Amino acid sequence: MAEVKSKIRAINEMLTGKEITCTELTQQYLDAIDKSNGDLNAYVNVTADTALKAAKAVDDKIAKGEELPLLAGVPMTLKDNISTNGIETTCCSKILEGYKPIYDATVWKLLQQQNAVLLGKTNMDEFAMGSSCETSVFGGAKNPHSLNHVAGGSSGGVASAVGGNIAAYGLGSDTGGSIRQPASFCGIVGLKPTYGSVSRYGLIAYASSLDQIGPITTTVEDTAIVYDAIAKLDPMDSTSQGNKGAGACATLKNDIKGMKIGIAKEYLEGIRDDVKEAILNACNVYRSMGAEIVEFDLPALKYALPVYYILACAEASSNLGRYDGIRYGYKTPTYNDVNDMVCKTRSEGFGSEVKRRIMLGTYVLSAGYYDAYYKKAQNLRGTIVKDFKNAFEKVDVILAPTVPMTAFEVGKAVSDPIETYLTDICTVPINIAGLPAVSVPCGFNAKGMPIGMQLIGNTFAESTILNAAWHYENATHSTMFKSAEMGVKL
Amino acid sequence: MRYELVAGLETHVELSTKTKIFCGCTTEFGGSPNTHCCPICIGLPGTLPKLNKEVVRYAIRAGLATNCEISRISKMDRKNYCYPDLSKAYQISQYDKPLCKNGYIELSNGRRIRLNRIHIEEDAGKLIHQKGDTYVDYNRGGVPLIEIVTEPDFRSVDEVREYVEKLQLIMRYIGVSDCKMQEGSMRCDVNISVRPEGQKEFGTRTEIKNMNSIAFMAKAIEYEQERQIDIIESGGSVQQETLRYDDVTNTTSSMRGKEDANDYRYFRDPDLVTINVTDQEVEELEATIPELPDEKLERYVEKLGIPEADAQLLVKYRRVAEYFEKASEGTANPRTAANFIIGQIFRTIENESAKEEFDIPVSAESLRELIKLLDSKKIRMNLAKSTLDKMLETGKKVSDLISEKDMGGLDEEATKKLCQEAVDANPNAVADYKGGKEKAIKAIVGYVMKNSRGKADAMKAEEIIKQIIQ
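If you read the sequences in order, they're chains A and B. For the first sequence, my numbering assigns the number 1 to the initial residue and increments by one for each residue that follows. For the second sequence, my numbering assigns the number 1001 to the initial residue and increments by one for each residue that follows.
Source of the hints: derived by calculation from the structure; they are not laboratory data. Note that this is a predicted model, so its numbers are computed, not measured. Among the hints, erroneous ones may be present.
[Said to hold, decoys possible] One-sided excerpt, in silico: chain B residues whose CB lies under 7 angstroms from chain A:
| # | residue |
| --- | --- |
| 1 | P1039 |
| 2 | R1078 |
| 3 | N1080 |
| 4 | K1088 |
| 5 | Y1223 |
| 6 | D1260 |
| 7 | L1272 |
| 8 | I1275 |
| 9 | D1310 |
| 10 | A1440 |
| 11 | I1441 |
[To be verified] Selected chain B positions facing chain A (in silico; Cβ < 8 angstroms):
| # | residue |
| --- | --- |
| 12 | P1045 |
| 13 | C1082 |
| 14 | S1087 |
| 15 | L1107 |
| 16 | I1128 |
| 17 | G1132 |
| 18 | V1136 |
| 19 | E1183 |
| 20 | G1184 |
| 21 | F1202 |
| 22 | G1203 |
| 23 | F1267 |
| 24 | V1277 |
Even for Gly, the Cβ is constructed at its ideal location relative to N, Cα and C.
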């Protein structure tokens, strides 16, 4: 059986083999964006000039016969909350209208060192708050498998672009599932790394103790390649620890015979039948490859949602306080005094979901409520961490659904925020515990919409989960992966 | 009824580290607006703070010099409030786990002012109001501060004044801050209440913010104390509120009441990791704490024999004490150096801050050289004094001003000649001496000294004169 071909390696071979120049390839992607972005609404800012300039530099390198890093010349995208020097970075919020950072996020610096070609910045829920990408001031990104379904959120634009083949890969951010959920909805691969393995410097904060940047790609190997490139210790981020192992690529194809894969019954409660069935089928695939399926309990899972929404909103209420119209971004045109200006700027600049979370977060941190909400949530966070820690004494990897369902239809998610919050149930525990998890496609529902499963690892066990994911992908690729009929065909 | 003052102090001290608390920008005072700034200290989206370890070390030294316990585990918290000079809408500070706690400073009356805590935090920027517009300068944003919080242990304005002066002095001695109240590198907030003498319970307190000199602070406390007593005496009750002091009218006025108090929504800053301090680090920092003013004073009085009033003048300025110690090193009597400094040298210095700087044209080594000439009797006091004046005036060295000839003194032959001259010139004194007035000989010796321009040896001269007369 032929191995699933990494898209990044394929492009690298095409470029070094001089089958195509980087400028031509980049132009193909830009043309495809022109053609499909009207439907997908994946990109909110296409940076054609800088992309072609970067492509030219890669072509020059090739012409000179210089060694080419693996990611050199591979056209990619960044979520619009990752700071790019001189390129507008708005978090898809009106309040950051026109804001051009004067520095680069560490991840973008690392990728530039590898001569990455940035096609543009992609759509997201405003300040990464949402599960459908529809809280974006630019409107939501659409699912490449069905345009009347959402791409998911919050990194919906990256998933839509990668799933729609108008970017070879992208970087998103995941605070409560924002990489894995859209990857699952769009039938592709997305990794939320261990908290601290990828630098957050330059990622515009939503909830600092939960946020992580990670790759969204079409294959597991691509995810491993990008992860290895960005998981570096960064002195600019005190919480950064880098990739503590030898890197995910080195062990990607190791045998998984005897690997213990855990299934928690709490994770299978309340999820839709088609999703549950896909997960149980995946267990069988693993059994057939010689892995051992171990059932275990994860009682603290039931606390995860309230803990997440309390902690994330509390941190957000503080992180978003700086948008006052004084230094950058949107500023209300008319005001009486400074208080009036700040008040009007924030009222006009933030969307309703962001306002809801700021208010919630302000409330749970307020004198008299702190102990009942924030402090209790912090304590329960410890319980959840402990539950997972115990689990990893028994199992190597935990297998769970990424989302209890498949992609929402356009407009459904925004109508009921509480209902939408509930759909984060499978992803948020991982952020609370700071663990790595990768979402991989594991089937389709009756309407042909992709289903995703996540493989969860112990802290800094990215190589283990990607190893397990790679074997699953290779065993099921022909049935579980379907490329959307659009974009660049390599 | 007699009332007693109860006051507590919160003092912000700007640390003199080279760089800011969370980024690499300079902490230098002044500079064109917004030139000592970077994406981190203006809080651009996506930036993260990185704790400057030097700030932790400075704060620990401040804690050690004020008898504090040093926390081995501490953390940074966010204090959330919205104001244009605060670029992130929160100040990174310490809430429930300060770096230092339970210290004290002892006053001259023997009372100990207990320090509840010393914590580290970042300073905010500054608003500049100009022609009806308001501008923000973030140069000061992110400059490291320590906040030193006392218990409500002060019972008089004098105690407050002494405490602040002492705190200032200690911080200057250990070199963590220049503590210039006028420049804002030291700022005090005072909590004040009054209670009838003998009453145990505290009265309702008010807080006066941001006073920029010790004199104003003393006035503000006196005013506020009287205001509260007047309220109570006239049957009213003091409202808990925050006040601002107006140094022109010498009155306080309300900034905000209790109900408008900010809810700072403190929570741990998730961007910063736990601050761990090891026993070894504390020991190493302890070894860097120099002799502090109190110990120095005691040593000067007890060991060096300097009168207490003089010793106090020397230890009051760190640089003066250092100068004194260097100048007196290896000399016969440290009082000589002390007298020169307090007398002649201080007379050339105009004010307190110049004494603080103590930038004088005569090096401690030069003064020591001069004192050693005195010690070895190569020159006399008169010559030493006039020479020091010239040194202070011109910055010249001892060797430039006193020649070998000046130092040579008078040889025996010349002395004898001069003594004979003196006896001849002072017949009355000679007669008095012969008549039993022993002191009369001093006048004759004086003649010798005067006419040798201080170069003769007075003891020797007296001996020769006695021989001549007899």
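Now the hints, each set against the structure:
A hinted interface residue such as B:P1039 counts as satisfied when its beta carbon comes closer than 7 angstroms to some beta carbon of chain A; here the least separation is about 5 angstroms, so the hint holds. A distance limit of 7 angstroms between C-beta atoms decides the matter here; for B:R1078 the minimum to chain A is near 5 angstroms, and the interface restraint holds. For B:N1080, the shortest C-beta to C-beta distance to chain A is roughly 5 angstroms, which falls under 7 angstroms, so the interface hint holds. Below 7 angstroms, beta-carbon pairs count as interface contacts, and B:K1088 has one with chain A at about 5 angstroms; its hint therefore holds.
At about 30 angstroms, the closest approach between the beta carbon of B:Y1223 and any beta carbon in chain A exceeds 7 angstroms, and the interface hint on this residue is violated. A cut of 7 angstroms between beta carbons decides the hint on B:D1260: the least distance to chain A is about 13 angstroms, and the hint is violated. A distance limit of 7 angstroms between C-beta atoms decides the matter here; for B:L1272 the minimum to chain A is near 5 angstroms, and the interface restraint holds. Taking 7 angstroms as the C-beta cut-off, the interface hint given for B:I1275 is violated, the closest approach to chain A being about 11 angstroms.
With a least beta-carbon distance of about 51 angstroms to chain A, the hint placing B:D1310 at the interface is violated under the 7 angstroms criterion. For B:A1440, the shortest C-beta to C-beta distance to chain A is roughly 85 angstroms, which exceeds 7 angstroms, and the interface hint is violated. Proximity of B:I1441 to chain A is violated relative to the hint, the smallest CB-CB distance being about 82 angstroms (cut-off 7 angstroms). Using the Cβ-Cβ criterion of 8 angstroms, the hint placing B:P1045 at the interface with chain A is satisfied: the shortest such distance is roughly 4 angstroms.
Nearest Cβ of chain A to the Cβ of B:C1082: about 6 angstroms, under the 8 angstroms cut. The hint holds. For B:S1087, the interface hint holds, the least distance from its beta-carbon to any beta-carbon of chain A being 6 angstroms, beneath 8 angstroms. With a cut of 8 angstroms, the hint placing B:L1107 at the interface with chain A is violated, because the nearest CB-to-CB distance is about 35 angstroms. Because the closest C-beta pair between B:I1128 and chain A is about 13 angstroms apart, greater than 8 angstroms, the hint is violated.
Residue-level restraint check for B:G1132 is violated (minimum Cβ-Cβ distance to chain A is 12 angstroms; threshold 8 angstroms). Checking B:V1136 against chain A: minimum C-beta separation of about 7 angstroms stays under 8 angstroms; hint holds. Restraint check, B:E1183 versus chain A: the minimum CB separation of about 26 angstroms is more than 8 angstroms; hint violated. At about 22 angstroms, the closest approach between the beta carbon of B:G1184 and any beta carbon in chain A exceeds 8 angstroms, and the interface hint on this residue is violated.
Annotation: B:F1202 was flagged as interfacial toward chain A, and the flag is violated, the nearest CB pair being 22 angstroms apart, outside 8 angstroms. Nearest Cβ of chain A to the Cβ of B:G1203: about 24 angstroms, over the 8 angstroms cut. The hint is violated. At its closest, the beta carbon of B:F1267 sits 6 angstroms from a beta carbon of chain A; the interface hint therefore holds under the 8 angstroms criterion. Given hint, B:V1277 at the interface with chain A, is violated; its Cβ is 16 angstroms from that chain's nearest Cβ, farther than 8 angstroms.
Consistency note: the structure conflicts with the earlier hints numbered 5, 6, 8, 9, 10, 11, 15, 16, 17, 19, 20, 21, 22, 24.
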